[in-house]
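K.L.:
Sequence:
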Amino acid sequence: MKAKTLMIQGTGSHVGKSIITAALCRIFTQDGYRVAPFKSQNMSLNSFITEDGGEMGRAQVVQAEACGIKPSVKMNPILLKPTMDVSAQVIVMGRPVDNMTVEEYIQFKPEAMKIATTALHSLMGSYEIVLIEGAGSPAEINLRSHDIVNMGIAEIADAPVLIVGDIDKGGVFAWFVGTMELLDQKEQERVKGFIINKFRGRRELLEPGLRYLEERTERPAIGVIPYFSDICVMEEDAVSDSKIRCHGKGAPDKKDGITIDVIHLPHISNFTDFDPLEMEPEVHLRYVMRPQDIHSPDILIIPGSKNTISDVNYLGASGMGRKIIESANNGTMIIGICGGYQMLGRRIYDRKGVESKSTETGGLGLLEMVTEFREEKMTHQVKAIHTDTGLEISGYEIHMGESKILGNPFPVFKIVRRGYDPVEVPDGLKNEKGNVWGTYLHGIFEDDIFRRWFLNSLRIKKGLHPIDRVIPFDKEREYDK
Numbered sequence: 001m002k003a004k005t006l007m008i009q010g011t012g013s014h015v016g017k018s019i020i021t022a023a024l025c026r027i028f029t030q031d032g033y034r035v036a037p038f039k040s041q042n043m044s045l046n047s048f049i050t051e052d053g054g055e056m057g058r059a060q061v062v063q064a065e066a067c068g069i070k071p072s073v074k075m076n077p078i079l080l081k082p083t084m085d086v087s088a089q090v091i092v093m094g095r096p097v098d099n100m101t102v103e104e105y106i107q108f109k110p111e112a113m114k115i116a117t118t119a120l121h122s123l124m125g126s127y128e129i130v131l132i133e134g135a136g137s138p139a140e141i142n143l144r145s146h147d148i149v150n151m152g153i154a155e156i157a158d159a160p161v162l163i164v165g166d167i168d169k170g171g172v173f174a175w176f177v178g179t180m181e182l183l184d185q186k187e188q189e190r191v192k193g194f195i196i197n198k199f200r201g202r203r204e205l206l207e208p209g210l211r212y213l214e215e216r217t218e219r220p221a222i223g224v225i226p227y228f229s230d231i232c233v234m235e236e237d238a239v240s241d242s243k244i245r246c247h248g249k250g251a252p253d254k255k256d257g258i259t260i261d262v263i264h265l266p267h268i269s270n271f272t273d274f275d276p277l278e279m280e281p282e283v284h285l286r287y288v289m290r291p292q293d294i295h296s297p298d299i300l301i302i303p304g305s306k307n308t309i310s311d312v313n314y315l316g317a318s319g320m321g322r323k324i325i326e327s328a329n330n331g332t333m334i335i336g337i338c339g340g341y342q343m344l345g346r347r348i349y350d351r352k353g354v355e356s357k358s359t360e361t362g363g364l365g366l367l368e369m370v371t372e373f374r375e376e377k378m379t380h381q382v383k384a385i386h387t388d389t390g391l392e393i394s395g396y397e398i399h400m401g402e403s404k405i406l407g408n409p410f411p412v413f414k415i416v417r418r419g420y421d422p423v424e425v426p427d428g429l430k431n432e433k434g435n436v437w438g439t440y441l442h443g444i445f446e447d448d449i450f451r452r453w454f455l456n457s458l459r460i461k462k463g464l465h466p467i468d469r470v471i472p473f474d475k476e477r478e479y480d481k
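Numbering (my numbering), first residue to last: 1 to 481.
Worth flagging that the hints you see were computed from the coordinates, not collected in a lab. Among the clues, some could well be false.
[Unchecked claim] Label pairs and their in silico Cβ distance ranges:
#1 192 with 331: 56 to 62 Å
#2 86 with 387: 39 to 45 Å
#3 122 with 325: 48 to 54 Å
#4 463 with 200: 40 to 46 Å
#5 181 with 85: 38 to 44 Å
#6 209 with 374: 50 to 56 Å
#7 158 with 470: 43 to 49 Å
#8 405 with 85: 32 to 38 Å
[Stated by the list, open to error] In silico BS3-like cross-links for lysine-lysine, where the CA-CA straight-line distance does not exceed 27 Å:
#9 169 with 2
#10 357 with 377
#11 475 with 433
#12 481 with 192
For each residue, glycine too, the CB sits at the ideal point set by N, CA and C.
Whole structure, please, built from the sequences with the hints as guidance.
P.N.:
Below, the structure written as C-alpha cells:
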C-alpha cells in the first residue's frame, strides 16, 4: 500500500518546520498509524550516527524517535555539512562522498535527486504516512531550476503542502502572501493552508490578519501555535538565539549550582551534546562568544567543530585561547568534545586538505597529543567504560581525525563496542591534574547515571552536597508535550 504524504514547508529557515513535523509524527503515531519522516536534503552540522554507522541530520532523528522508530539514512538521504561559506562535505545515504563547492554540488544535484527519490519511494512503500519536511523557503526563485527539497519533492510524493510562518519575527502575513505570489500556478495548487507559529498574546487580536490572509490567498489559516519554551527537543542545525542572548550579561548568580560555559565556535557542531546538562535544574549553561564573557565558570567546554583548524585559529585570534589556558591554569575544568578535544592538543595536521586549506596549526597545548586528519570518517555507535568510575555509557563517534598521545596515556574511556563489534580501544585523554580532558565520544551526557556522577563530582569540589536524585533525560515526555 502506498503511503499518504504531507509536506511541511516554511516561509524561511528557523520558522518551526522541524518541530511541527515532529509533532505531527507523534500525533499520527499516537493515532495508530505507521509513520516515517523524510527530508531529502538537510544542511546541518548537527548530525547523528545510526546503528549501522550511517550519518544523518538530527532533525530527522528527532522525528523518527517521535514516530517510535529507529532512525534510518533513508529519512535524510542527502546531508550537507558546511566546511566553509562556499563549500560543504556531502553525505549521501549516510556516507561522505566528497567536499563540494556550490557549483560542484549544483552539478551533482540530478544524481542527488535520483537518490532522494529512491529513498522516498522506499519509505512510502513501508509506512502508512510519510511526513516530509522542506528546507528554507519554496519561494527561493534562484534555486527553483534545481530544487530537490521543496516543491520538486512535493510533486514526486504528490504531497499536499502546509506553509509555516514565524509570527514572532514580525511580518508573517507579508511572508505568506509573498511566498504564494512567487510560486507558479502548479505549486500554488499544492498549498492547502498556513500555520502561524510562535504566537504570543491574545488570539482575537490576530483575527483581522487571518481573515485578510484567507481572502487574499483563498487558503485557510489552519492553526495558530503559541510560543513555547518548556519543550526540550534537540535543535536541528543552529544554537537558538535564546541560548546565546545571555552572553555578555556578566557572571551568573549560581553559587549553589554548577556554571557551564560552552564556546560558540564559528563552525560549532553537535551542540546537542549539552542539552541533557542544560535540563538539570542545578546547572546554568550558556554559550559564550567573547573572552570577556567568561567569568570563572565551573566548567568550560570546547564543543565539536566541522573545521577544527579554522576554529582553533579563531580561538587564538579572538583571545578565547588565552582565556581557556588561563582558566585551566586556575583549576577550571576544561572539556573538549571531538573537534574541541583535538584543539586541546599540541598540533593539528590536515596535510590532505580533508577539512581545511591549511595543512597544520598549533593547538592549545593543554594535552600531550597531536592530531592528523585522515580521509576515512569514523562513524560508529559505541559502548564505552568510564575509566575513573567503571560506569558504562553509550555514545557515538563521528570524526576524521586520529589523535596520537605523546606523553603518558591517561584515557578517559575505553570503547568496548563499535556498532555490532566488540573492541577494546582507549578513547580520550586527561592531564595529570584531571581538570583538562577530552573525548571523541558524542552523547555521553545523555546517560543519566554518568551525568549525575559528573555533576556531583563538581558539587563536592565546590563544597556542595551531592544530589542523590537522578533526573532522567526523558525524550518521550518531551515528544508528548
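K.L.:
Take a look at whether the Cβ-Cβ distance between residue 209 and residue 374 falls inside 50 to 56 Å.
P.N.:
holds, 55 Å
K.L.:
Residue 481 and residue 192 were given as a pair; does the straight-line alpha-carbon distance stay at or below 27 Å?
P.N.:
Within the cut-off at roughly 26 Å; holds.
K.L.:
Regarding residue 158 and residue 470, is the given constraint of 43 to 49 Å on their beta-carbon distance met?
P.N.:
Given a distance of about 48 Å, which is inside 43 to 49 Å, the answer is holds.
K.L.:
Holds or violated: 32 to 38 Å for the Cβ distance of residue 405 and residue 85?
P.N.:
holds, 34 Å
K.L.:
Against the range 48 to 54 Å, how does the distance between the Cβ atoms of residue 122 and residue 325 compare: consistent or not?
P.N.:
holds, 51 Å
K.L.:
So if I understand the rule, the pair passes when the alpha-carbon distance is 27 Å or less; does residue 475 with residue 433 pass?
P.N.:
violated, 35 Å
K.L.:
Confirm or reject the claim that residue 86 and residue 387 have a C-beta distance inside 39 to 45 Å.
P.N.:
The hint (39 to 45 Å, Cβ to Cβ) holds, given that residue 86 and residue 387 are roughly 42 Å apart.
K.L.:
Is the gap between the beta carbons of residue 192 and residue 331 within 56 to 62 Å?
P.N.:
With Cβ atoms ~59 Å apart, the hint holds.
K.L.:
Check the hint pairing residue 357 with residue 377 against an upper bound of 27 Å on the C-alpha distance.
P.N.:
At roughly 18 Å apart (the allowed maximum being 27 Å), residue 377 and residue 357 satisfy the hint.
K.L.:
Is the gap between the beta carbons of residue 181 and residue 85 within 38 to 44 Å?
P.N.:
violated, 30 Å
K.L.:
Starting from the range 40 to 46 Å, see whether the pair residue 463 and residue 200 falls in it by beta-carbon distance.
P.N.:
Holds: the Cβ-Cβ distance is about 41 Å, inside 40 to 46 Å.
K.L.:
CA of residue 169 to CA of residue 2, is that 27 Å or under?
P.N.:
violated, 38 Å
Of the numbered hints stated above, those contradicted by the structure are hints 5, 9, 11, listed in ascending order.
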